[in-house]
Structure formats: structure tokens, C-alpha cells
Amino acid sequence: MVHASRREYIPFIIFQAATIAGVAILFMTLMLLWREGHAVLSWDFVMRPWSHRDITSGGIAQAIIGSLFVGMGVTLFSFPVGVATAVYLTEYSRETLWKRVIQLAIQNLAGVPSVVYGLFGLVVFVNTLKFGTTLIAAILTLSVMTLPWVITASVEALTAVPPRFRHSSLALGATRWQTVWRVVLPSAFPGCITGGIVGIARALGETAPIIIVGATFYLSGFPTSPFQKFMALPYHVFILATQHSNSSAQSYAAATALVLILMTFCLTLGAIIVRYRLRLKKDW
Amino acid sequence: MSVIILTKTLNVWYGQFLAVKSASVEISERSITALIGASGSGKSSFLRCLNRMIDVIPKAHTDGQVLYRGNNILDAATDVIALRRSIGMVFQNPTPFPKSIYDNIAYGLEIQGLKKRRTRSMRLFRSSAIDPNMLEASLDPIDRRVVQSLKEAALWDEVKDRLHQSAFGLSGGQQQRLCIARSIAVRPDVLLLDEPCSELDPISTRKIEDLLLDLKKRYTIVIVTHNMHQARRVSDAVGFFHLGELVEFGPVSQIFVEPQQQLTRDYVAGAFG
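Chains as they are written, first to last, in the numbering used here: chain A, 120 to 403; chain B, 6 to 278.
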């Protein structure tokens, strides 16, 4: 234990208790899900298609594939767009009132409830652009929702790169783009990835917006094009937990939630490894 | 010696503040010109005009003329990228990039379009060691220039066994010589140095001064320094700035032995500054 004098003892206890409480809640959630759902978890459960009439005879394969597509789609869309926006804001735009208004707006957008993004997606992607309630509409809606996180994290990462790197590069006769691409971005990339990780995790767990723009609770096959409906894990959990009369539905809901957590972890783990390797190279 | 850079009534403003007042200077080819003066005297601002690095400072603007080989580089039509390839700059703090020693030097060449043969196939992982003997024998233009620049900067022997390692592992003095090597790798015409030794110990400073005296044979050097002894040791011509004004400009013997202005006399005698 940290050596704490008597005066420091009380704050120390408070901080320690807060840490323990945070970890304990996370641990208890996982424990509860495990207790409820572990009996159902099996290879069949993960691999087999969903059977609506008799849930014990099927699995959650469509929901896994659907969420996987959503996760990859959101990453492919919101990460490049978010980083590009951040580069524009930090490296190209001048220090104007306009820029500050944009940044403030982006930061505030991060706090908008997800269901509002769902309605936005319904109006813009589903109705105006006529994508219908489809996978692509859901990917775009969730991408718009995660953009503020990616942008904010990337802006912070980019502004943390010391100006002297930029000046040295410019003084060697580099163009601004060469400086951004070859000096600034490699240094800022780990921070941008952090924003991306938070974004994917949020997108994968979101239920309200995808119900509005394209997720469905039952699908006989897998989506073969982005213009089809899809199943997703969080919505599946919701259906099992609240809408299903089967007595073992609760266990299936818990098991599905565990799969969702595991999948989010796996998708972000790749990003975490890349970030770790990049950080090894960055030491100023 | 022929004049390579000529400034005529050069003014530098930061917003409403006039930082350099009507400075007129003649800089000779293949010589070392030192700019001395107290902090805030305008010497660094003046230096930054010579390769338009003043442009990166918000709210800075200039008027007057800076003639480099006869062309006014303050002209809006100047190709700033090409200019900075001809007139390189080394900053006060050593500023290596977060890259390997080799890549730090190669950077300036790669941005000019020289193709790199030494590709790192797995960029995410630490690149493998570079054999110094193979590199010295290499015919690749980038390899050759890297070796040559490190030798010119008197750094080759100290770093040849760790070219693939991060430049941040070097000492402050080595980092600054790496920055000089990086600047001369692109074969500039003029090298500007902004207080390159202010953060270094006396031994590292000495090495850099020796290096500058050697580089003078091939490059024109303009150095801003706080240190009057350094100006006296290395320079051929000296400009003394005070509160934005170029008080006196002349050969080193004039400034330190028989200055024409009372202010200069007081400053070099250590009466203020």
C-alpha cells in the first residue's frame, strides 16, 4: 500500500474506494451476465442461424454478422472522415471565429442523444437519399453519430504534436501536405486511433438509432448487400429480454450480451495493438 | 567575396508592433555572419525573413526587400518551397523528427522526390539495423547523401552503429548536429541558425562551432547568437541589433575592436544585455 500520512489518509481512502467501486460494478455486470448466460453459450449458439419459433434450436449468427458489418462499416467511414476533418481544422484552417464555432458545435454534437441521430438518419439516409431501412443507412447514421468523438480525439492528438516538428519540416522545403502526411499524422495517429476505438465501441452497442433506420429482429438469411435489412446484437438482446415469451429467453439475452462485449473487445483489440506499436516509436 | 543576400529597409511587424526597423544588411557568400543582441532585439525575426519562415508566425508581416541572388524573396510570387530548399534553417531547440537517425536525414531528400530503396516493409515494427559499411558502399543516392551529410556534420562516427534507432536517443549536442546534417543533406546554398547552441553545454557548443567553421568552405552561414564570445570566435561579419534597430553592421574586427556606435561599444563590453 502507498505510504500515507494521517492527514492524507481520508482522501486516499476516498480515491481508492472510487476505484474499487468502478472496477467492482464492471466485474459484477460481467459476472451476472456470465451466471445467467454461460449455460447457453456454445459453438452452436454462435454459429447457427436464429430460429424464431424455438429459440433453443438456433443461434445468433445473423446478429453477429450484422453487427460485424456495422462495426467495420462505421470504422471505414467515420475514421477517415473524422481524421480528415481534424487535419483540416488543426493544420489548414486559420484561427478564426468560424473555426471555433465549428469546434464548439462538434464538441456539443458528442452529447446529443443517440435516438436523435436515429431520427436524423431516418430523414436523411432512409427517406431523402432513399436508402430505405437498410444496413447502409444504419452504418451512415452510426458514423455520423461517432464522428464527433473521432474528430475531437484527433484534434487533441494533432494539437499535441509540437509545432517545432512542423517548422523543421517546412524549413527543409516540405510542402504543407508533406509535413502533415509524413511528420504530423504519424505522431498523432495513436491519439486518433483512441477516438476511433471509442467510436466503434459506441456504434456497436447502440440500439435506438438502428431500430429506427434498419435493424430487424428476424431475418432468415445473411445480408448480401448493404441495401438489405440486418440483425444486430444489441437489438437482439433487447428483443430477447423484453419481447420473448420463452422461459429461457433471459439466458439467451445474457449470452448474446456476452458475445457483444467479446466482439467489441476483439474489434478494438486490433486497434489497441496497432496503437501500442506506434507508441513504441514515438518518444519525445 | 560576392554578396549573396542583401536586405533593404526590411521591416517586420507583429500586429502593430514593429520588431525589426528598416534593417539593411549585406551578407557575403561563404562567410559566417553573426547577428547579436539582447532578447527581443529583432535578430531572430530578421533571420526568419531570409527564408520566409516568418510566414508561419501568425500576425507577422514584412515590407522592404530581401534580395537573394538578385531576386526579392519577399515577393508574393516567390516559390517558398524552393526557397527553403536553398536556404535551410536550424532552430534553437534541437528538433529531430520522431524517426530513426537515418530517416531524419533521408526525410529532406524524400520530400524532394528521391525514391527510397530502403523501404521498411513492416513499418509498424522497429526497422532492422543498418550495416554502416554496407551503407558507406551503397550507390543509392539517398544512402550516399545520408552518409556524406553525417560525415560533414562530424556525427558519422558517433551514430553509425545506431542509424536505425530513434534520434531522441542522442544527446542534445548530437541532436543539434543531426539537425545541421539534415539541413545540409538537401544541399542548400545558405544555412540559417537561430541560437543553435543556447541549450548546449560548452563541449557540444565547441563541436558545433568547429563544424560551422568547416562548413563555411561550402555554405554561407548566418547565425543568431546570444553569446558574444561565440560571435567573435566564428564570424566574419557581425550585425548588432538593439530594440529592433540594426545599430551596427560590419566586419568582426570592427564590431569587437573599434565599434563605431556607443551602444555597440557598451554591449560588446558587457555593459548591458
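Hints may be right or wrong, so weigh each one.
[Said to hold, decoys possible] Quick list of simulated restraints, FRET-style, between CB atoms:
#1 A:V220 x B:G20: 15 to 25 Å
#2 A:G230 x B:D162: 53 to 63 Å
#3 A:R219 x B:V61: 39 to 49 Å
Worth flagging that the hints you see were computed from the coordinates, not collected in a lab. Given the structure is predicted, the values throughout are model-derived calculations rather than measurements. Quick reminder that beta carbons are idealized off the backbone N, C-alpha and C, glycines included.
We went through each hint and held it up to the structure:
{"no.": "1", "hint": "A:V220 x B:G20: 15 to 25 Å", "verdict": "23 Å, holds"}
{"no.": "2", "hint": "A:G230 x B:D162: 53 to 63 Å", "verdict": "58 Å, holds"}
{"no.": "3", "hint": "A:R219 x B:V61: 39 to 49 Å", "verdict": "21 Å, violated"}
Of the hints listed earlier, the one the structure fails to meet is number 3.
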